[in-house]
Amino acid sequence: MEEFTFTSQLFQYLITGLTVGSIYAMVAIGFNIIYNVTEIINLAQGEFVMLGGLIMVFLHVAAGLPLLLAFPLTVILVTLVGMLLDRLAIRPIRQPSVLTLIIATIAASIIIKGIAMFIWGKDPFDLPAFSGRVPIHFMGAVIQPQYFWVGGFLVATVILLTFFFEKTITGKAMSACADNPDAASLVGINVKHMILLSFALSAAIGAVAGITVTPISLMEYDRGAMLAIKGFGAVVLGGLGSFPGAILGGLIMGTIESFGAGLVHSGYKDAFALIVLLAVLFLKPSGLLGSIEISKIKKF
Amino acid sequence: MPKKFVLIATVFLFCMGVVIAPALADSYKVGAVFAVTGRASFLGDPEKKTVVMLAEQINKAGGINGKKLELIVYDTEGDATKANLAVKKLITQDKVCVVLGPSLSGNSLAVVPLAAQYKTPLISAAASYKIVTDEAGNQRKWVFKVPQSDTMAVEAIYTRLKKLGLTKIAIMSATTGFGKSGHGQLVALAPKYGITILADESYGPKDTDMTAQLTKIKGIGPQAIVNWTVGPTQVVVLRNWKDLGMTNIPFYQSHGFGSKKNIELAAGAAEGVLAPLGACNTPEALPANHPQKQVTMDYMKAYTAKYNEPVASFGGHGWDALMLAVNALKAVGCDRAAIRDHIENTKGFVGQHGIFNFSPNDHNGLVWQDAFNMIVVKDGDWALAK
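Protein sequences appear in the order of chains B and C.
Oh and the first sequence: position 237 is 237 in my numbering, straight run, nothing missing.
Oh and the second sequence: position 320 is 320 in my numbering, straight run, nothing missing.
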């Protein structure tokens, strides 16, 4: 057996933590997009990830479509589910308060999970890794090629979102709804369309997360809730509504879990992440990169 | 008009019931409560399918002593209250000769008092030893169970490790009921076999990656790894184990690993992995002279032909429970006390999950040597480990 030094162990924990954290970060970004436009915490966010993974398995493995075709098709299908969620569960609610809308998303997540169970059953499914499963050895640690895809898609998502919100009219209109929906509609922005778009966007990002993580961890119908909880933790840690915060929060959560499991005890790894989360909330209630002024004017 | 139709239909159906009911009276009633739907449906669904299939086979072959086997199956949805109500209904209203199930240990414990109260034999399809053993350590008079206990799986693994001289091990388990129960037995039995646990790691049932835990284990360098979980984590952990280049450390899975799907999902990473499995998980890997070869092959062929899905080990528990009851009915007829006595004295019953030898001191009837074969994954298939 080759030398397995403490340094390479640490490096391995870091790699693992960043990979897991990237998935949390992508879920967290999805939360933030919808939160920014509607102030809703969409608790069906994890279900988008699950659907992304399972639909991709269906198209790529069962139906035999090539990766390059199945990938965008999956994202489109999940995006449609996200839009349907807005049209069927969110928009029809009369006299919406933030709380009733959040409860509606819980109901939607249960329904989506149930439907997925009927379609795919309860077994986990696997997806071939995008570029094989031969691990890369680096500084004594092993890295699955799929890790790079996870990290790469996170970076690509961040770049595209930044461009979208900073440079395009639609993106700016969405940001305007986030700042003040009443003022936004006064200047002619169709807030309802923006809400629909926010659901579509976060569903698409959830789908990408699901597609990239399935080759690493498999996917089954009830995985969504756990991802949603971890992603929500990342959102709160980074600051509700902040995209850089979501990424930072996700990566920190993943890394703490990994180091905690490796260096202290794996039984308490979730506790470590939560302790850090609580500590941050005590010291800076708005989260690492959140702004206290903004959180004061929000309803939730 | 439709109203009239409904009325006529109702009357007609009612008459049918009156006509049919006496025809059914000449039958043996066997009740079953399984978690057919709900969170534990992976247990109850194959159990129900199995007993329904067996009842059809038995009735087609002329029934039991010329009487039909009438099976009444209720769904507990994995809920202890529903299980309790269903068992009560089976005993008091349906007047069954014997009750099979429930599927879950918790549900079984909830109905155990009913069996004694109504003096009706109950054959549980759940694993916990507490189902058949009361607080004082005695066997509950009216209750039996067919699945193996965790202890037996641990004994099977530890015996092999000791024989091979692999006494410094790492254990991993999921933070689920199954994982925790196995973990408890792994820790408790280690000293008896002279085994030292160098690392004791755990993970959540929905965790995406176990690399961190395995990295720690790799740094410690044990002689073997024993992992206790069901579901996707038991596959993911194998992939991480292979990726980290740890295949020189033998990897043992629990008896929950017995589905060929797991080998498939591991995408090559399951090669060389060992697990103690009941005979019905791996009928093809058994030698022709194995006592359970015939029953497990027959069951597998019939089940896959009828339902077009692979046999799950839980279905085997349904098989064992029903066939024990059928044997008793054949011998003593529908007399609850006599059935109980017959089951308690059953010896050498060749079932799906072992050869059962019941006694007043053992209402499970299994020892690990008869209940488990050590199986290794070889060329993507099960094989007996040497």
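In case anyone wonders, no lab produced these hints; they're calculated from the structure.
Do not rely on the hints blindly, as some may be mistaken.
[Said to hold, decoys possible] In silico lysine-lysine, PhoX-like type, Cα no more than 25 Å apart, as pairs:
no. : chain 1 : residue 1 : chain 2 : residue 2
1   : B       : Lys122    : C       : Lys89
2   : C       : Lys141    : C       : Lys89
3   : B       : Lys113    : C       : Lys82
4   : B       : Lys122    : C       : Lys82
5   : B       : Lys122    : C       : Lys29
6   : C       : Lys49     : C       : Lys88
7   : C       : Lys168    : C       : Lys130
8   : C       : Lys82     : C       : Lys67
9   : C       : Lys29     : C       : Lys49
10  : C       : Lys168    : C       : Lys206
11  : C       : Lys301    : B       : Lys122
12  : C       : Lys261    : B       : Lys113
13  : C       : Lys306    : B       : Lys113
14  : B       : Lys122    : C       : Lys260
15  : C       : Lys180    : B       : Lys122
[Stated by the list, open to error] Far from chain B by the CB rule (all over 12 Å, computed), these chain C residues:
no. : residue
16  : Asn59
17  : Lys119
18  : Thr167
19  : Gly177
20  : Leu189
21  : Ser202
22  : Tyr203
23  : Gln213
24  : Ile217
25  : Gly221
26  : Asn240
27  : Asp243
28  : Leu244
29  : Gly245
30  : Pro287
31  : Leu384
[As the list claims (entries may be wrong)] From the structure, some residues in chain C lie toward chain B, with a derived Cβ separation under 8 Å:
no. : residue
32  : Tyr118
33  : Lys218
34  : Gly219
Just so it is clear, the structure is predicted and the values come from calculations on it, not from any experiment.
In this text, a Cβ means the ideal position worked out from N, Cα and C, and glycines have one as well.
Comparing the hints with the structure gives:
1. Distance check on the hinted pair: lysine 122 of chain B and lysine 89 of chain C sit about 30 Å apart at the alpha-carbon level, beyond 25 Å; violated.
2. For the given pair, lysine 141 of chain C sits about 21 Å from lysine 89 of chain C by alpha-carbon distance, which is consistent with the 25 Å threshold.
3. Taking the CA atoms of lysine 113 of chain B and lysine 82 of chain C, the gap is near 24 Å; set against the 25 Å cutoff, the hint holds.
4. Pair hint lysine 122 of chain B plus lysine 82 of chain C holds up; C-alpha atoms about 23 Å apart against a cutoff of 25 Å.
5. Distance check on the hinted pair: lysine 122 of chain B and lysine 29 of chain C sit about 32 Å apart at the alpha-carbon level, beyond 25 Å; violated.
6. Of the pairs offered as hints, the one joining lysine 49 of chain C and lysine 88 of chain C holds, with about 23 Å between alpha carbons and a cut-off of 25 Å not exceeded.
7. For the hint linking lysine 168 of chain C to lysine 130 of chain C, the alpha-carbon distance of about 30 Å lies beyond 25 Å, and the restraint is violated.
8. Using a Cα cut-off of 25 Å, the hinted pair lysine 82 of chain C and lysine 67 of chain C is violated, with the two alpha carbons roughly 30 Å apart.
9. Distance hint between lysine 29 of chain C and lysine 49 of chain C is fulfilled; the C-alpha atoms sit about 17 Å from each other, no more than 25 Å.
10. As the CA atoms of lysine 168 of chain C and lysine 206 of chain C are separated by approximately 28 Å, the hinted pair breaks the 25 Å bound.
11. Taking the CA atoms of lysine 301 of chain C and lysine 122 of chain B, the gap is about 23 Å. The hint holds against a cut of 25 Å.
12. Our distance criterion of 25 Å between C-alpha atoms is met by lysine 261 of chain C and lysine 113 of chain B, whose separation comes to about 22 Å.
13. With a C-alpha separation of about 29 Å, the suggested pair lysine 306 of chain C and lysine 113 of chain B falls outside the 25 Å cut-off, and the hint is violated.
14. Annotation: proposed proximity of lysine 122 of chain B to lysine 260 of chain C holds, straight-line Cα distance about 15 Å (limit 25 Å).
15. About 22 Å separates the Cα atoms of lysine 180 of chain C and lysine 122 of chain B, which keeps this hinted pair within 25 Å; it holds.
16. No beta-carbon of chain B is positioned within 12 Å of the beta-carbon of asparagine 59 of chain C; the least distance is around 30 Å.
17. Consistency note on lysine 119 of chain C: stated as away from chain B, and its beta-carbon is indeed over 12 Å from all of that chain's, at 38 Å minimum.
18. For threonine 167 of chain C, the requirement that its beta carbon stay farther than 12 Å from each beta carbon of chain B is met, with the minimum near 18 Å.
19. Every CB of chain B is more than 12 Å from the CB of glycine 177 of chain C (nearest about 15 Å), matching its label as outside the interface.
20. Every Cβ of chain B is farther than 12 Å from the Cβ of leucine 189 of chain C; the closest lies at roughly 20 Å, confirming the non-interface assignment.
21. Once the 12 Å rule is applied to beta carbons, serine 202 of chain C is inconsistent with being away from chain B; the minimum gap is 5 Å.
22. Separation of tyrosine 203 of chain C from chain B is inadequate, the least Cβ-Cβ distance of about 6 Å not exceeding the 12 Å criterion.
23. Listed as a non-interface residue, glutamine 213 of chain C fails to keep its Cβ farther than 12 Å from every Cβ of chain B; the least gap is roughly 5 Å.
24. Not every CB of chain B is more than 12 Å from the CB of isoleucine 217 of chain C (nearest about 10 Å), against its label as outside the interface.
25. Chain B draws glycine 221 of chain C into its interface by the beta-carbon criterion, the shortest separation being 7 Å against a cut-off of 12 Å.
26. In this structure asparagine 240 of chain C is not separated from chain B by more than 12 Å, as the shortest Cβ-Cβ distance comes to only about 9 Å.
27. Distance check on aspartate 243 of chain C: its Cβ comes as close as 5 Å (rounded) to a Cβ of chain B, failing to clear the 12 Å threshold; non-interface status is violated.
28. Its beta-carbon lying about 6 Å from the closest one in chain B, leucine 244 of chain C breaks the requirement of being farther than 12 Å from that chain.
29. For glycine 245 of chain C, the non-interface assignment is contradicted: its Cβ lies about 7 Å from the closest Cβ of chain B, within the 12 Å cut-off.
30. The beta carbon of proline 287 of chain C sits about 30 Å from the closest Cβ of chain B, which is more than 12 Å, so the claim that it is off the interface holds.
31. A cut-off of 12 Å between C-beta atoms confirms that leucine 384 of chain C is not in contact with chain B; the least separation is 26 Å.
32. For the restraint placing tyrosine 118 of chain C at the interface with chain B, the shortest Cβ-Cβ distance is roughly 34 Å, beyond the 8 Å limit, so the hint is violated.
33. The beta carbon of lysine 218 of chain C is positioned within 8 Å of a beta carbon in chain B (closest approach about 6 Å), and the interface hint is therefore held.
34. Nearest Cβ of chain B to the Cβ of glycine 219 of chain C: about 5 Å, under the 8 Å cut. The hint holds.
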